[in-house]
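Number of protein chains: 2
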Amino acid sequence: MSNVLKKDQFILPEGVVYLDGNSLGPMPKSVPARVAGVMEEEWAQLLIRGWNKAGWMAMPSKVGDAVGRLVGAPEGSVVMGDTLSIKVYQALAAALKMRPERRVILSDTGNFPSDLYMAEGLVGLLDKGYELRKVAPEAVAEAITEEVAVVMLTEVDYRTGRKHDMKVITELAHAAGAVMVWDLAHTAGALPVDLTGANCEFAVGCTYKYLNGGPGAPAFIYVRPDLAEAAEPALAGWLGHRAPFDFDLDYRPGRGIERMRVGTPPILQMAALEEAMKLWEGVDMAELRAASVALQEQFIAEVEAEVPGLELASPRDSAVRGSQVSFRFAHGYEAMQALIDRGVIGDFRAPDIMRFGFTPLYLEAADVSRAVAILREVMVEELWRAEEYQVRNAVT
Amino acid sequence: MSNVLKKDQFILPEGVVYLDGNSLGPMPKSVPARVAGVMEEEWAQLLIRGWNKAGWMAMPSKVGDAVGRLVGAPEGSVVMGDTLSIKVYQALAAALKMRPERRVILSDTGNFPSDLYMAEGLVGLLDKGYELRKVAPEAVAEAITEEVAVVMLTEVDYRTGRKHDMKVITELAHAAGAVMVWDLAHTAGALPVDLTGANCEFAVGCTYKYLNGGPGAPAFIYVRPDLAEAAEPALAGWLGHRAPFDFDLDYRPGRGIERMRVGTPPILQMAALEEAMKLWEGVDMAELRAASVALQEQFIAEVEAEVPGLELASPRDSAVRGSQVSFRFAHGYEAMQALIDRGVIGDFRAPDIMRFGFTPLYLEAADVSRAVAILREVMVEELWRAEEYQVRNAVT
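Chains as they are written, first to last, in the working numbering: chain A, -4 to 391; chain B, -4 to 391.
The hints are simulated quantities; they were obtained by calculation from the structure and are not laboratory data. Among the clues, some could well be false.
Any copy will do: because identical chains look the same in the list, a pair fits if it lies in one copy or spans two.
[What the hints assert, rightly or not] Pairs of lysine to any residue residues, derived as SDA-like cross-links and limited to a Cα-Cα distance of at most 25 Å, are as follows:
no., residue 1, residue 2
1, K48, E383
2, K273, E36
3, K48, L378
4, K273, F242
5, K2, L41
Note that the coordinates shown come from a computational prediction; the quantities given were computed from them, not determined experimentally.
Work out the full structure, taking the sequences as your base and the hints as a guide.
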């Protein structure tokens, strides 16, 4: 699967096997020069003129199109900005407005907590009898009833990697008259996605994981093109206005997806992301997916053959698994610290999940074997028992 | 006033007099190295560990304290993130919750449109008979009645520089039982502010103008310390959760101002801003204000003595003017383009305002005289009549 391997285009620290690109992607080599150029040649030299002359104002749409190409969204249907939490809120608020007679937001307990919190915040603000209904991931299909206004799910579970079937669930939602919102946080850049084919109304996602946009890179939002002019922006910011520089006193939503812009976009982060997106040119997502599955299958097989004490937490069937493999271990937090100290970087999710992300742009079979060998050492020799690993930090 | 002049610490393009620091501040010289360091040494080398080991997770609070020191806010009462529009929304939503029995948001027609739009979006979402009432800036005081839930104003008018009296209006708001939200977009880094003394409940602002944080730098929000634990976050993001890494399914607001965090902070922009904030160490805001007023008075006197055709749009009394001077001219758009082409960068605000910002960190008397001489040439020789200046662009 060497067609997708672009390891030489990333900075990867000496001696590290990085299995946490599903949390924060590594830095593409060309990013620092691009960001430096934006600072030294654009901000410093053009000053305010950068908004027009350096094309800053158009970046949220231009980068949005680059992200859109990876997730099967047509040109002009994706825009970048803010954080994923904000984009979830925008999608959800607009979706609820489309079903004013219904009161249930359906999600699952495998959704990323921030999505649930944003929904909870919106429900509390509206204070009109809305209910955020959380069911087990396996119970979603049967919970889609005609009470449901919006089904809001993350395709790939951040803990186990379990994958929903976007097309099937979207069809169930539509059959019940509900609006579908997909969070692609663990999907974009990891799995082939066909948003047009999935037919969902909204999709959102982040770009600092598999898209390697850097810490705090801007999020994206997709609105199905036939609805873009109907979606009502709850976060009605001036850059989502039809004519921001008229400085009208009243809001008129911008054309299509542009209305999902809010405030002034973060240009340094946009530039870093735009540069990182260049790595995707020519990458076939089906090929990338095949490479990811091969790495994951190798990892599972080697761990199960060589490493004692770990229990697979991810689905065994790769067809219903994203681009990560998780194992349960009661002392997973401590074991992950020991592993990281030995150069194998994964992460831990409470209460007992050791999580490993597989990113074929910069990982190959030899990395997987090396990671397993070190994991084996940590587990066989119980290196995680060392005192230094017994205190949990805030971020892992 | 040379105590505040730090011109050698900024990159200012050869031949430019920059009078648009009230829109986008110029680049401090030390910013590129800092941002490069974050990319090369932190993101690239620490990868996910940067959140703890490089202190990324704490940056919104740490930088918030640096901004807080400039606006008279105690430590732990300001946090950075998102854009100003989002912070307006957060403050307004929390403020409305504090007066559930009232339905009027009072603002003025001199407020920045995005603030009005965000309020309009919130009113539309709530759909409970809320009203956004916009009066003329001069009519605000008498419009503060007991119907008003929240008074939401920008201290300094983005067009004319007219300045509200924060203390007086806040007192009127409180006397009527209303909650006060101040937008300090054109205040922070330009005027002395004493948030504690003003006693307002909420304040918000941006950092890419007078604070020189770069295009799209993060915004800030202040919550009065006695209310920080009572304010209900409408945008309930996971980094505003009491224990984000517990990944609870239910939201519990974080401690104090931390609950106003939402999603993953933009670390490159945070670092640029943190570096830019170092320029404020040792700056006395009263001295800076005196220097700004001196530059503005010089500009007004010289323009009125030497430049025909311009009418002062800003208050003549510097006590009620921010850190900018605006002139009206029917062909102001065209004249501003002609001026910018000759190295004097101000900006234009529809329908007829030529706007000039005064920033004593990098401007001195000689710059003002030079700007006036070129402005005089543009006006006397009617250089703005050239064909190339007759087409309006999106951003000016």
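Evaluation of the provided hints:
| no. | hint | verdict |
| --- | --- | --- |
| 1 | K48 - E383 | between (53 Å within a copy, 16 Å between copies) |
| 2 | K273 - E36 | both (20 Å within a copy, 22 Å between copies) |
| 3 | K48 - L378 | between (56 Å within a copy, 22 Å between copies) |
| 4 | K273 - F242 | neither (35 Å within a copy, 33 Å between copies) |
| 5 | K2 - L41 | between (35 Å within a copy, 17 Å between copies) |
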